[in-house]
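2 protein chains.
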Amino acid sequence: MSAPLFGRVALIGVGLIGSSLARVLQRDGLAGEIVACARSQATRDAVARLGLADRITADPAEAARDADLVVLCTPLSAYAEIARRIAPELKPGAIVSDVGSVKGAAIRDIAPALPAGVHLVPGHPVAGTEHSGPEAGFAEIFQDRWCILTPLPGGDDAALERVSLLWQAAGMKVVTMDAEHHDMVLAITSHLPHLIAYTIVGTATDLEETLKSEVIKFSAGGFRDFTRIAASDPVMWRDVFLANREAVLEMLQRFTEDLTALQRAIRWGEGDKLQELFIRTRAIRRSIIEAKQA
Amino acid sequence: MSAPLFGRVALIGVGLIGSSLARVLQRDGLAGEIVACARSQATRDAVARLGLADRITADPAEAARDADLVVLCTPLSAYAEIARRIAPELKPGAIVSDVGSVKGAAIRDIAPALPAGVHLVPGHPVAGTEHSGPEAGFAEIFQDRWCILTPLPGGDDAALERVSLLWQAAGMKVVTMDAEHHDMVLAITSHLPHLIAYTIVGTATDLEETLKSEVIKFSAGGFRDFTRIAASDPVMWRDVFLANREAVLEMLQRFTEDLTALQRAIRWGEGDKLQELFIRTRAIRRSIIEAKQA
Chain A
1 MSAPLFGRVA
11 LIGVGLIGSS
21 LARVLQRDGL
31 AGEIVACARS
41 QATRDAVARL
51 GLADRITADP
61 AEAARDADLV
71 VLCTPLSAYA
81 EIARRIAPEL
91 KPGAIVSDVG
101 SVKGAAIRDI
111 APALPAGVHL
121 VPGHPVAGTE
131 HSGPEAGFAE
141 IFQDRWCILT
151 PLPGGDDAAL
161 ERVSLLWQAA
171 GMKVVTMDAE
181 HHDMVLAITS
191 HLPHLIAYTI
201 VGTATDLEET
211 LKSEVIKFSA
221 GGFRDFTRIA
231 ASDPVMWRDV
241 FLANREAVLE
251 MLQRFTEDLT
261 ALQRAIRWGE
271 GDKLQELFIR
281 TRAIRRSIIE
291 AKQA
Chain B
1 MSAPLFGRVA
11 LIGVGLIGSS
21 LARVLQRDGL
31 AGEIVACARS
41 QATRDAVARL
51 GLADRITADP
61 AEAARDADLV
71 VLCTPLSAYA
81 EIARRIAPEL
91 KPGAIVSDVG
101 SVKGAAIRDI
111 APALPAGVHL
121 VPGHPVAGTE
131 HSGPEAGFAE
141 IFQDRWCILT
151 PLPGGDDAAL
161 ERVSLLWQAA
171 GMKVVTMDAE
181 HHDMVLAITS
191 HLPHLIAYTI
201 VGTATDLEET
211 LKSEVIKFSA
221 GGFRDFTRIA
231 ASDPVMWRDV
241 FLANREAVLE
251 MLQRFTEDLT
261 ALQRAIRWGE
271 GDKLQELFIR
281 TRAIRRSIIE
291 AKQA
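Protein chains in written order, with the working numbering: chain A, 1 to 294; chain B, 1 to 294.
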């Protein structure tokens, strides 16, 4: 058997994505040793019960000590504090990566803390479900999905290559782009859809009681799809919207203008305008099916 | 073998729902004869090729002649004209029903044209996919979904019962409510979600070209679910929004207020407000799973 891709891998945060990554590391023998770090006792117990790591700790510094790869898999708001705590323990040549949905904020919060000789490779495996926690993870979650890496200018090519190999082993198609561009693309493909789904489901929860029970009963008409998205992890998504504020507000502004135009068309009975848009949106669906992302 | 539930059944419109209903009628032997009516030659050819009817015609009047049950399965905007054309051909005791998503407008457009002794039983099987046309239909589309009937005050109980039996045979759970209430419930569970999905997919189609191709590529982050909804039949949905204008605008207004509040929370970094909402919306998802509508 050949040597594993990494010696010691530390996963800081072991929720849906962190635990799925642990499962990939185990399945493919990609790590000499897996150290899992989780703040809550319940998560650490679950990780132990599921046998997802060789060692489990509540202390990020202890997890990062002598690690060859440290992957931050926590909500974004924890990054700055974690970076500060792991920095003194990182050995020269260690790679620090993450799986967060906003890359500008990730770099802003991690990079300044890292000592020279440690390589930062920010990453975002675009995969997930509406479920959370270590029990919800599974190795196949990454299969055939995209992983976006946003290396810093002048970053270490060998480190980038090794992180890329890791996600390819997980079944992902890996691309690189700059962090700012990533954050704009994800604002429209992921953050705005989540924001809207959360909103409409919230609007429904505020309905009169009689109406509310029927909303649940007749949810198959379209609403149901939104509730699935709006069941995603609350803390993770709170952090995403705060961390990608500029891009989300920009896309939200465009959306609101378009919605207002449709509202006006409905009010004035302008069927042609509605139909024209609905034909246009159908074509996008076809493109997604052709791109095998459906 | 017992007598079928209906003698001659005329389906006016043979798209996704009409053709699915034809398949149920055939599967369960619910009709002595099925007459299909479609305006376009292409649809009539497809119905013939698929063997979905005993007779096929382009003329609603011819289809309705001597029928025991006539079901309108066209977009809502065609109802008034169809009602006017079939009325002189309807025999006493005949039942007229429909499958449209807006019941107030359906009653407004059909009821005045019908002769005395003909029974109107407006219906809405809450089922569908993003696909259209007779090839897209399948008998199981109705299975375990709700069918809402909105009988008129003083309507014929026996006619209501027979239409109810038809949809129960299709596997549906049948409930009755008044048309106005139906239109309000569907505005939030179906019409508003579709409107929003159409809007966000439209917003994405207006993006700069470079961004647009990446939106398709990275659609798995949430956007994809919206594109499926926004691929639904353009003419049918144009009609739904125009026919249920008041209720849709009312729900849209509530949604917009809620979205504006979230926008403000993001702008001012009010994480608590975001998280509080996201926890609340999660609970709705659980209710839907418990109601077995997920």
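Hints are supplied without guarantee of correctness; some may be wrong.
Copies of one chain are not kept apart here, so a pair can be met inside one copy or by any two copies together.
As a list, the in silico DSS-like pairs of lysine-lysine whose alpha-carbon atoms are at most 27 Å apart [stated by the list, open to error]: (1) Lys173 to Lys212; (2) Lys292 to Lys173; (3) Lys212 to Lys273; (4) Lys217 to Lys91; (5) Lys292 to Lys217; (6) Lys91 to Lys173; (7) Lys173 to Lys217.
Calculated from the structure, these hints are not laboratory results.
Here is how each hint holds up against the structure:
1. Taking CA atoms no more than 27 Å apart as the test, Lys173 paired with Lys212 passes between copies only; the shortest distance there is 19 Å, against 42 Å inside one copy.
2. Only within a single protomer do Lys292 and Lys173 lie at most 27 Å apart by alpha-carbon distance; the minimum there is 12 Å, versus 35 Å between protomers.
3. Taking the closest pair of Cα atoms, Lys212 and Lys273 come within 27 Å of each other only across two copies (22 Å); inside a single copy the shortest separation is 32 Å, beyond that limit.
4. For a Cα distance limit of 27 Å, the shortest separation of Lys217 from Lys91 qualifies neither inside one copy, at 56 Å, nor across copies, at 37 Å.
5. Taking the shortest Cα distances, Lys292 and Lys217 sit within 27 Å of each other only across copies (9 Å), while inside one copy they are farther apart (32 Å).
6. When the C-alpha separation of Lys91 and Lys173 is checked against a cutoff of 27 Å, the pair qualifies neither within a copy, at 29 Å, nor between copies, at 64 Å.
7. Proximity of Lys173 to Lys217 under the C-alpha cut-off of 27 Å is restricted to the inter-copy arrangement: shortest distance 11 Å between copies versus 39 Å within a copy.
Of the hints listed earlier, those the structure fails to meet are numbers 4 and 6, in rising order.
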